[in-house]
Amino acid sequence: MTVDLVLPGADPMGRVFVTWTPVEAQARLVNPTGSLGVKVTLRSVGAGGQVSFATTRTHLGTPTLSLTLPSSGAPVRFFVAGAFGRPSVGLGDALIEVRGTGSVGVLGTKPLTVRVRKDAQTLTAGERDRFLAALGTLNGGGSGRFRDFRDMHVMRAVSEAHGNVGFLPWHRAYLLDLERELQLLDATVTLPYWRFDRPAPKLFTRRFLGVPNSAGVLQFTAGHPFESWRTDNKPGIERTPGFLPNEVPARVLREVETIALGGPRPNASYASFIGMESNPHGEAHMSFRLGFINDIGTAARDPLFFMLHANVDRLWAKWQWIHKRTDPARARAFAPAFPNRIGHRLGDMMWPWNGAKTAPRPPAAPGGTLAPSTSTTAPGNKPTVRSMIDFQGVGGGPSLGFAYDDVPFEL
Amino acid sequence: MDVDRYRKRYEAELAKAAAPPPRRSRSRRSAAAVAPVKRAAARAEAIEAAPVEVQNLDDRVGELLAVLLDRKESVAVRSAGLQALGALDFLGPRFDPYRAAYKETLRTLATDRSRTLRERALERLALDKDRYAQDLLIRGLEHPEDALVSDARALQFLAYDDHAELAPLARRVYKRSTGVAREEALRMLATDPQSERLFTRLLKDKSEKSSIRRICASGLQSLNPQAFEKTAGKFVADDSDYDEIRATSLAALAHGREARETEPDPKLVDTAEKLTTQSRSPALRASSKRFLRATGV
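Quick mapping for you: the protein sequence lines, in order, are chains A and B.
Every letter in the first sequence is one number past the one before it in the numbering used here, and letter 269, counting from 1, is 269.
Numbers in the numbering used here are just positions in the second sequence, counted from 1, shifted up by 1000.
Quick caveat, the hints were computed from the structure, so don't treat them as lab data.
Keep in mind that a hint or two might mislead.
[What the hints assert, rightly or not] No farther apart than 25 Å at their CA atoms in a straight line, the calculated lysine to any residue pairs in the SDA-like style are these:
#1 B:K1175 <-> A:Q219
#2 B:K1289 <-> A:A125
#3 A:K318 <-> B:K1204
#4 A:K202 <-> B:K1289
#5 A:K318 <-> B:K1008
#6 B:K1008 <-> A:N233
#7 B:K1008 <-> A:A250
#8 A:K318 <-> A:R330
#9 B:K1289 <-> B:T1262
#10 B:K1206 <-> B:A1164
#11 A:K357 <-> B:P1093
#12 B:K1209 <-> B:R1171
#13 A:K202 <-> B:S1211
#14 A:K202 <-> B:S1177
#15 B:K1103 <-> A:R86
#16 B:K1008 <-> A:G396
#17 B:K1209 <-> B:T1231
#18 B:K1016 <-> A:G297
#19 B:K1234 <-> B:K1267
#20 A:K318 <-> B:K1129
#21 B:K1175 <-> A:R265
#22 B:K1129 <-> A:A365
#23 B:K1289 <-> A:R128
#24 B:K1129 <-> A:M155
#25 A:K318 <-> B:D1002
#26 B:K1204 <-> B:S1177
#27 B:K1129 <-> A:R128
#28 B:K1016 <-> A:A250
#29 B:K1008 <-> A:S272
#30 B:K1008 <-> A:R265
#31 A:K318 <-> B:R1005
[What the hints assert, rightly or not] Covered stretches of chain B (chain A as the covering partner; in silico rule of three or more C-beta atoms under 8 Å from a C-beta of chain A):
#32 1064 to 1078
#33 1132 to 1143
#34 1159 to 1170
#35 1184 to 1198
#36 1240 to 1251
[Stated by the list, open to error] One side of the interface only, derived from the structure: several residues of chain B facing chain A at Cβ under 10 Å:
#37 Y1174
#38 V1180
#39 A1181
What you are looking at is a predicted structure, and each value in this text was computed from that prediction instead of being measured.
Glycine included, every Cβ here is placed at the ideal spot set by N, Cα and C.
Modelling step: build the complete structure from the supplied sequences, incorporating the hints.
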């Protein structure tokens, strides 16, 4: 007698990835030895990531769950999610163990990975190196798929992504697209974020994001995947910081100050929160005296740009969570586009994933549709502004398949 | 971690932060409002970018532009102003009404006596492919006595214009320079097909600086991937060459698109396999492993 566990969203190699959002799973008896139901306990026993269980969709899952499985082999439904605060550090290091009562012992196991975005300063060496290798490969010495991501964030497309209420949803889709491309190369990779309101000395090293020489050209350890980094036909990355590696950039709003931009509860509104586009977002870009990152048109040539924006997105996610602003139907969860600009209204499909190339959209739509994910169906290949808001599926829909280490799923 | 408890803890953190700060305030003070304050640091802090609303953008930009043009003001304060304006520039279309005045101000700063301000202004103008700034930069490269920024920076800034014909200038800088200016010149030449022989020669030259050879590895790979693979293959197998450059070359091959699209050289694969276990250099071992993974071995 064994127990078969079926979790949704397995990739072609049978690997399962979860975030903090509970997903519906099934357990069923295989080759039962009697005609009565069998009582079993599910346990999270992984050496790395941990999961929690529940019989309903809730954020109050527990590390164990008792179920009675019918001898008919009919499946019993339960929910499983990453245990908040206990993400994986390696592939399949979370483990569900199914035990029968008494001497029955272990009836089944299922490895999975609790895959969430983490503070880059806290990554293990392995996590860091896998991320760097995947991004280096995506760049492919300037001729890889990364070129599309560089071409999406250019001045001729500035009105799609900046200076309007769709700033945050557009960049959320953009990061998600990039992260999914990285995961095609290495499924364990997520996009780390740069907490620009905290010192991040591990980031600004030759092993990670490079150290500038006197001309502001980043230097890396020999063999580093970014040594052959190339964008716009030019090798190398230019970035001169205006702060020391163990310092916090001056003038960049701290996290709690950013969250406060939306105003106090119960009236906290997106219309006010979007003021974060200038600070901390713009100020974080400008905390570098010189280099690609301090201009909209060139920022995407620097890998740090994506980690900076992952933090901007995390701040939005945290604001959404603390103020419960994940329902797009609620007025304060979003704001009207001004002046009714296409691409920034809730129902609009976003460029370039929609393929639009006629004015007022830019004349080209690089990169095609949004990369798919094996772990979720959302948001589809032509994301709308609306589809970016409830990224964890708090309202009951599927999540977008990503989460942040410090932003829980909460109903 | 208990989510409910986590929420309470975070709410307490927000409440604490919302309490009036004892010293440093992030109120929306304008630069003009604190002008009487004597200390430059305090004035620079006062320029910190407050949350921007459409209705106060006019005033805010006007004040900041005035600070930039005030030559009596300290460099720290004017730099803070430049940074704040740069942050507002990230508002894209919302900043458009101020772009012309911003550009004019930057052109004035391009010849300021402060090198810091000159550099920042010239970079921003060069990003915009501003002809006035490009002319200043080219003049500085041709007549070093007129240079407003270092040769290395001038080349970098000029390279923001994809259509600039920089190869002749870069070759001249390469010949007359040492240090980072020479390296920058080589980075410029990485788009110049006529520089392939130069890159090949420097890459093979064991007496050349490691930083130069590493730039040449990337440059040659871009100009002629097949030639790079052939050259790199030889010195990756050469135990007498420096581990650094061998690791760099293997990593370039691993991450280059060619590694995934063409059959790798069997000799190179053999060498990489040996290096994964026999090399004493962790960087070379790591690059070898990455190369083998990338080529599907």
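Going down the list of hints, with the structure as the test:
no.: 1; hint: B:K1175 <-> A:Q219; result: holds (23 Å)
no.: 2; hint: B:K1289 <-> A:A125; result: holds (16 Å)
no.: 3; hint: A:K318 <-> B:K1204; result: violated (52 Å)
no.: 4; hint: A:K202 <-> B:K1289; result: holds (24 Å)
no.: 5; hint: A:K318 <-> B:K1008; result: holds (14 Å)
no.: 6; hint: B:K1008 <-> A:N233; result: violated (50 Å)
no.: 7; hint: B:K1008 <-> A:A250; result: violated (29 Å)
no.: 8; hint: A:K318 <-> A:R330; result: holds (17 Å)
no.: 9; hint: B:K1289 <-> B:T1262; result: holds (18 Å)
no.: 10; hint: B:K1206 <-> B:A1164; result: violated (33 Å)
no.: 11; hint: A:K357 <-> B:P1093; result: holds (19 Å)
no.: 12; hint: B:K1209 <-> B:R1171; result: holds (18 Å)
no.: 13; hint: A:K202 <-> B:S1211; result: holds (23 Å)
no.: 14; hint: A:K202 <-> B:S1177; result: violated (33 Å)
no.: 15; hint: B:K1103 <-> A:R86; result: violated (50 Å)
no.: 16; hint: B:K1008 <-> A:G396; result: holds (24 Å)
no.: 17; hint: B:K1209 <-> B:T1231; result: holds (18 Å)
no.: 18; hint: B:K1016 <-> A:G297; result: violated (38 Å)
no.: 19; hint: B:K1234 <-> B:K1267; result: holds (9 Å)
no.: 20; hint: A:K318 <-> B:K1129; result: violated (38 Å)
no.: 21; hint: B:K1175 <-> A:R265; result: violated (64 Å)
no.: 22; hint: B:K1129 <-> A:A365; result: holds (23 Å)
no.: 23; hint: B:K1289 <-> A:R128; result: holds (16 Å)
no.: 24; hint: B:K1129 <-> A:M155; result: holds (12 Å)
no.: 25; hint: A:K318 <-> B:D1002; result: holds (16 Å)
no.: 26; hint: B:K1204 <-> B:S1177; result: holds (20 Å)
no.: 27; hint: B:K1129 <-> A:R128; result: violated (36 Å)
no.: 28; hint: B:K1016 <-> A:A250; result: holds (21 Å)
no.: 29; hint: B:K1008 <-> A:S272; result: holds (23 Å)
no.: 30; hint: B:K1008 <-> A:R265; result: holds (14 Å)
no.: 31; hint: A:K318 <-> B:R1005; result: holds (15 Å)
no.: 32; hint: 1064 to 1078; result: violated (count 0)
no.: 33; hint: 1132 to 1143; result: violated (count 0)
no.: 34; hint: 1159 to 1170; result: holds (count 3)
no.: 35; hint: 1184 to 1198; result: holds (count 5)
no.: 36; hint: 1240 to 1251; result: holds (count 7)
no.: 37; hint: Y1174; result: violated (14 Å)
no.: 38; hint: V1180; result: holds (4 Å)
no.: 39; hint: A1181; result: holds (8 Å)
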